[in-house]
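*Asks:* Next come the chains, spelled out residue by residue.
2 protein chains.
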Amino acid sequence: MELNMLEAKFLSLPKDVGFRTSSYPTSLFGIHSYPKSNSSKVICARVSNSATSNKVATSTLLFQSKINGINEAISRTLDYFDDEYGGVIVNPDRLPSNPNVFASLLQSSLSQWITKGKKGVWLKLPSEYSELVPMAIKEGFQYHHAESGYVMLTYWIPEGPCMLPANASHQVGVGGFVINDKNEVLVVQEKYCAPPYVGFWKIPTGFIHESEEIYTGAVREVQEETGIDTEFVEVIAFRHAQNMAFEKSDLFFICMLKPLSSEIKVDDHEIEAAKWMPVVDFVKQPWIQEDSMLKKVTDIFIARMGKKYCGLFAHHLISKFDDRSSTLYYNVVNTRDSNCIGA
Amino acid sequence: MELNMLEAKFLSLPKDVGFRTSSYPTSLFGIHSYPKSNSSKVICARVSNSATSNKVATSTLLFQSKINGINEAISRTLDYFDDEYGGVIVNPDRLPSNPNVFASLLQSSLSQWITKGKKGVWLKLPSEYSELVPMAIKEGFQYHHAESGYVMLTYWIPEGPCMLPANASHQVGVGGFVINDKNEVLVVQEKYCAPPYVGFWKIPTGFIHESEEIYTGAVREVQEETGIDTEFVEVIAFRHAQNMAFEKSDLFFICMLKPLSSEIKVDDHEIEAAKWMPVVDFVKQPWIQEDSMLKKVTDIFIARMGKKYCGLFAHHLISKFDDRSSTLYYNVVNTRDSNCIGA
Chain A
1 MELNMLEAKF
11 LSLPKDVGFR
21 TSSYPTSLFG
31 IHSYPKSNSS
41 KVICARVSNS
51 ATSNKVATST
61 LLFQSKINGI
71 NEAISRTLDY
81 FDDEYGGVIV
91 NPDRLPSNPN
101 VFASLLQSSL
111 SQWITKGKKG
121 VWLKLPSEYS
131 ELVPMAIKEG
141 FQYHHAESGY
151 VMLTYWIPEG
161 PCMLPANASH
171 QVGVGGFVIN
181 DKNEVLVVQE
191 KYCAPPYVGF
201 WKIPTGFIHE
211 SEEIYTGAVR
221 EVQEETGIDT
231 EFVEVIAFRH
241 AQNMAFEKSD
251 LFFICMLKPL
261 SSEIKVDDHE
271 IEAAKWMPVV
281 DFVKQPWIQE
291 DSMLKKVTDI
301 FIARMGKKYC
311 GLFAHHLISK
321 FDDRSSTLYY
331 NVVNTRDSNC
341 IGA
Chain B
1 MELNMLEAKF
11 LSLPKDVGFR
21 TSSYPTSLFG
31 IHSYPKSNSS
41 KVICARVSNS
51 ATSNKVATST
61 LLFQSKINGI
71 NEAISRTLDY
81 FDDEYGGVIV
91 NPDRLPSNPN
101 VFASLLQSSL
111 SQWITKGKKG
121 VWLKLPSEYS
131 ELVPMAIKEG
141 FQYHHAESGY
151 VMLTYWIPEG
161 PCMLPANASH
171 QVGVGGFVIN
181 DKNEVLVVQE
191 KYCAPPYVGF
201 WKIPTGFIHE
211 SEEIYTGAVR
221 EVQEETGIDT
231 EFVEVIAFRH
241 AQNMAFEKSD
251 LFFICMLKPL
261 SSEIKVDDHE
271 IEAAKWMPVV
281 DFVKQPWIQE
291 DSMLKKVTDI
301 FIARMGKKYC
311 GLFAHHLISK
321 FDDRSSTLYY
331 NVVNTRDSNC
341 IGA
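Just so you know, the protein sequences line up as chains A and B, in that order. Quick note: the first sequence, position 188, residue 188 per our numbering, numbers continuous. Quick note: the second sequence, position 195, residue 195 per our numbering, numbers continuous.
FYI, nobody ran anything at the bench for these hints, they're computed from the structure. Among the clues, some could well be false.
Pairs involving identical chains hold if they fit within one copy or between any two copies, as the list cannot separate such chains.
Think about it this way: if two alpha-carbon atoms lie no more than 20 angstroms apart in a straight line, the pair counts; the simulated PhoX-like pairs of lysine-lysine are [stated by the list, open to error]:
1. Lys275 / Lys320
2. Lys265 / Lys275
3. Lys182 / Lys119
4. Lys191 / Lys119
5. Lys296 / Lys320
6. Lys320 / Lys284
7. Lys118 / Lys295
8. Lys320 / Lys295
9. Lys191 / Lys138
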């Protein structure tokens, strides 16, 4: 049964998630192209020999049905939606719980979808349907991604390169430089840290949540670790590192924050100590002086304090193409109060 | 059997992937704290009632063994490594293929790990072991993430908040402004695009690969779509949008690129047409004039062309803490050739 695409949202598959050639409405200048097939990671299942043989085998699964007095051969399929890009999304709310029934229906569905010239197949299996996972893998599906409550599997039908989009590739961290009017920087010592960092006073840092703004995340992390309320000023630099946790990459945004309170309340779970430290003492720390990365960031921070540096402000903008609000980080252009010369 | 941690790398679990309180050696200012338990997404399995009852049931799985002439009760476990944070990593190379054997061993392993005060359990199941997935779920494990060849499941043993780190939360896109010495900008029309974009000349865009630099990705995308070779100059702005594909977020970096060639070769697969377009014509397009996001980015681009704007350059730095090379994006400070006044 083919259902209307309108209901597909609950699948966590926005309708703009399709193939590489599909539109990506929130893209700044039109369309992102999805990752190329020459990506380091193949994210599609290929039509394997076993799947091909299934195409034949499934013909035995055709059922006779009498509709309007005419005998028609129709094959039963899993409940699914068509997506906008020639693919199908299996309805996770109407999965058969019996693995054998699922396996048969998956075979006959694939057979029909191949006949119909369908492209990618999205199969989201909630945790309570984990017994269906081996059936899907056997049929030629591959894991695409997983979250705590489900695993998503995919299958790419056509010959040629796989056009399905990859899942997220980066984690995002933030660090906050908070300076008070006594030229003191807010610093913390982590409770549990690697030997090189013991005794090191650092700025508060942390990961942002999956659906959190960079500026919100920086303010939250500082508040959680030190109890200090702050206001985001700007991103002064960011670092990009490859192959971090789970082979994904890491983006780390260094933010200037303005303190709105002064009394420190340390988060006992992860912070050993926190304090306001004179900037000169912060900079003098050997960890900073001896490390090119830390030294450079500190230089930027000092230049920013001296109003000799331009960072990127956060501006909220809504694109008319999708009515979606997003945040554009850019410098202030052609204004007298540019932070290059004094914010 | 407990093996040495040294071999854990093949698990794609760098040794710094542990719990929130563990060190994160490449963090710019020490330690990122892992996502808080009040994160929007719970990523750990909790010790469920069924798992608790399993703790009792597994006592029947103890085996008698005679070591040095003494009878000792030892329980069999899955092959695993200790990680540095009090957790265990199940060895994916020595999984029993029989699901029933696996289920029994998982139960007795959990029982032992609980007794030993272990914390998180990482269970990586390659695709060929998909039959073990339902067994792990039944035992209380939850999906953590998946890639095409495997699914990773986790289990959090202690009372209290889950401290396991989340998987990647963002996808990263790039767009390239390429200007030649005739004040023409390199633009493309996508082959397949949503109705609002039909006829829109846009800059080349795309996602970066999982282990690719922003500057490399921008140059690659431009080359793939148009055949034009370029050199990265700087990031002039970036956009952050929430809840995009698969509910993850999106970071999009707008880059200035310098052309190194001029002859256009269109990528037939995804690009309808590409050309060098006078900047005045590019800006005049109604799509840009009527959309606040596109208009702002174009303003920034024009300001940058007029050398009245500061972007962020890419600098390669190695931190002495981990000998890892990463890229720091920042503006040029205190130099006469700052791009604020003319690069």
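*Asks:* Now tell me if each hint is right for this structure.
*Replies:* Here is how each hint holds up against the structure:
{"no.": "1", "hint": "Lys275 / Lys320", "verdict": "neither (46 angstroms within a copy, 26 angstroms between copies)"}
{"no.": "2", "hint": "Lys265 / Lys275", "verdict": "within (9 angstroms within a copy, 58 angstroms between copies)"}
{"no.": "3", "hint": "Lys182 / Lys119", "verdict": "neither (63 angstroms within a copy, 43 angstroms between copies)"}
{"no.": "4", "hint": "Lys191 / Lys119", "verdict": "between (51 angstroms within a copy, 18 angstroms between copies)"}
{"no.": "5", "hint": "Lys296 / Lys320", "verdict": "between (39 angstroms within a copy, 13 angstroms between copies)"}
{"no.": "6", "hint": "Lys320 / Lys284", "verdict": "between (50 angstroms within a copy, 17 angstroms between copies)"}
{"no.": "7", "hint": "Lys118 / Lys295", "verdict": "neither (55 angstroms within a copy, 38 angstroms between copies)"}
{"no.": "8", "hint": "Lys320 / Lys295", "verdict": "between (42 angstroms within a copy, 11 angstroms between copies)"}
{"no.": "9", "hint": "Lys191 / Lys138", "verdict": "neither (47 angstroms within a copy, 35 angstroms between copies)"}
Violated hints, in rising order: 1, 3, 7 and 9; the structure is consistent with all others.
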